[in-house]
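Sequences listed follow chains A and B, in order. Add 8 to a position in the first sequence, counting from 1, and you land on the number used in the working numbering. Add 457 to a position in the second sequence, counting from 1, and you land on the number used in the working numbering.
Take every hint as true, because none was put in to throw you off.
Quick list of the computed label-pair ranges, beta carbon to beta carbon:
no., chain 1, residue 1, chain 2, residue 2, range
1, B, ALA591, A, PRO142, 38 to 48 angstroms
2, A, LYS382, B, HIS524, 28 to 38 angstroms
3, A, GLU568, B, GLU459, 29 to 39 angstroms
4, B, GLY552, A, GLN508, 36 to 46 angstroms
5, A, GLU372, B, HIS524, 47 to 57 angstroms
Hint data in this document are derived by calculation from the structure and do not stem from the laboratory. Here the structure is a predicted model, which is why all the values come from computation and not from measurement. Cβ coordinates follow ideal geometry from the N, Cα and C atoms, glycine included.
Okay, here's what each chain looks like letter by letter:
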Amino acid sequence: MNDECRIGVYICNCGTNIAKVIDAGLVRDRVADLPGVACARTYEYMCSNPGQEMIAQDIREHKLDRIVVAACSPRMHELTFGNALEDAGLNRHMLEMANIREQCSWVHDDGARATAKAADLTHAAIRRVARHEPLEKQEAPYTPATMVLGGGIAGLTVAVELADAGQHVHLIERESRLGGNVGRVDLTAPYLDSARDILAEKIILAESNPRIDVQLRSTLTDLQGFVGNFQATVTHQDGAAQQLDVGSVVVCTGYREFDASRIERLGYGKHLDVITSFELEQRLRAGKLETADGRVPRYVSIVHCVGSRHAKYHTYCSRVCCMTALKYGHEIKSALPDAMVTDLYVDMLSFGKGGEDLYRRTSELKTMFLMYEKEDYPVVRAAEKGDDCGLLVQVEEKLSGETIDVPADLVVLMVGMQARSDGADVARTVGISQDRHGWFIESHPKLAPVSTATEGVFIAGCCQSPKDIPDSVAQARASAAMVLGHIARGKVVVDARYAQVDADLCSGCRMCNELCPYTAIGYDPEEGRSDIQSALCKACGTCVAACPSGAITARHFTDEQILEQIEGVLAWSSSQP
Amino acid sequence: MEFEPTIVGFLCNWCSYTGADLAGTARIKHRPNLRVVRVMCTGRVDPTFVLKAFRSGADGVMICGCHPGDCHYLEGNDKAFRRHQLLKRMLVAYGIEEQRLRLEWVSASEGERYARLVDTMTAELRVLGPLKLAPDLGRPPGPCPEPTAPREVAHG
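Build out the structure end to end from the sequences listed, making use of the hints.
Rendered as structure tokens:
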């Protein structure tokens, strides 16, 4: 088998990313004489244009029929090199990558052992690629209608963008109103424009556009099918279910605020005048900045980082709280010019466009900034008789080293953002993953920020991680652009990696029928054979491993390919019997 | 020289392979003893893959998949779990210690966990020593040996 192949092997230095630990030349020398290898080379950056051109030229000159690239993770550049193969006239599946960067040079210090491992992985890739077969493309039409989950600022933006471009949108909102968390806010940082104005325009556009079907008090309860061809089940609060055909799903399910009562010393739930930032927003929107018993506060104390950047609660920064707190300085001072506003903060993170300006302007308002040690929250207690305030906030002030009792009639807790508790249900329904904090994971943190592990499912806004309105809108418009790109192409190339039943080997035991989570396997009672609908198959391979007759083949993950790879990684191991 | 075990890791494409990549992106150092074989889902791991790895010289096998309930394919990891239970019993019958096969859940965000799993399994196998298969098991399959004497068939 091997001798008939003409394999080109390319070992990437990735600048110094691989070369500083792995001796690529040594790897090349070890694999160059393996059966089937027609040429083996090293290069600085295989993914660069000259690197790809080198492969293309070798394919022509050496009549190569298979390519191994030992470089970064296939999750990074499998697509790039697959395209390079196609451009040079080879089927994209005649490629195998050996991951010698993420899973080798970046995690090992011992150069000799890392080089030996890289050689093993490259050897395995050569053995595997020799068994690769060209797989033909399958195409399916792309349904232009899109489902948007969540009617907050991100979801509204996606819906309006798509409808503006002439496409049909189902906007599904769990609550009884559109607007999401932005609908609970008064002004927005850093330019102090009204959230109501920003939102009202989007809501009117969404509700008045005949191409947007707004469904309130509804959730997505089931999603079947595949990219471009999903069948969604939307269930209304009253139990009525509806089936919708959509090509794409954009998840914009947002966030929940941190539950401040979890931090006892802050006194939330104990003292009526300790309120969360959202409760302050409510009072600001109502134009009634008062204490619980209707007095005008003379002292307002704002505690930053409530639930954020703390090992016990959430370790991440919620990104918007510092800016929102600075905004409160303006709002409180303009409503009550004589009030004394104190910010108790850890670090002032006024990042982004206009952020530092807002910080400067707030400083000039004669608000006071007191720094507390990270994770050492201030303690809120009732003031004593004779004090001219209702509460005292005891803070270990970090810069002066003193313990200070800050007077307060109103204590505002800047509650951070956390993932919604129903996030796991959403993730499971649409087939995406969550990180350890519960935020949905994008395909690539830098290069694919709105795509997900499931093709045709996109994410935007705070369900991906805490972010402000401009960032949410940017992601929403990016998602809309991705969807429009799919619609413009009009069809979708279905993964050629699916499972196939060999009817001659199938005994008709139907074990696989029950195993398939996608009901892609049908049974023909007349023939007494099972059969797989390739468009529904997602190529997990569970049926392949279970078939007692060995009648099912996982295309591109065949038994032969995997067994060759296993032998390949072990061929040079010292302990082989 | 201290014994360095070789481990074959079957990692699912969606959670664990991504988690192993994350260990790289975050430069979380770990032992270089494990060789990864990527599969789409742990449900694809045919028990014969594991047996093949042991027969080809692996001292240990680690199967890593998505956490229960998080499988990209809904429930492939459940299938892997059930097969693992059976396979462990079978390995023991072959004289292969139970510790040589591990099934672990590693999510896409658990680079640190992945690195520590590789380290602990390497350390355990170092103590356990190289896998010693019965000669028949380690030998590549050849032609069937001739029976030494014709089998007596009792007629009754």
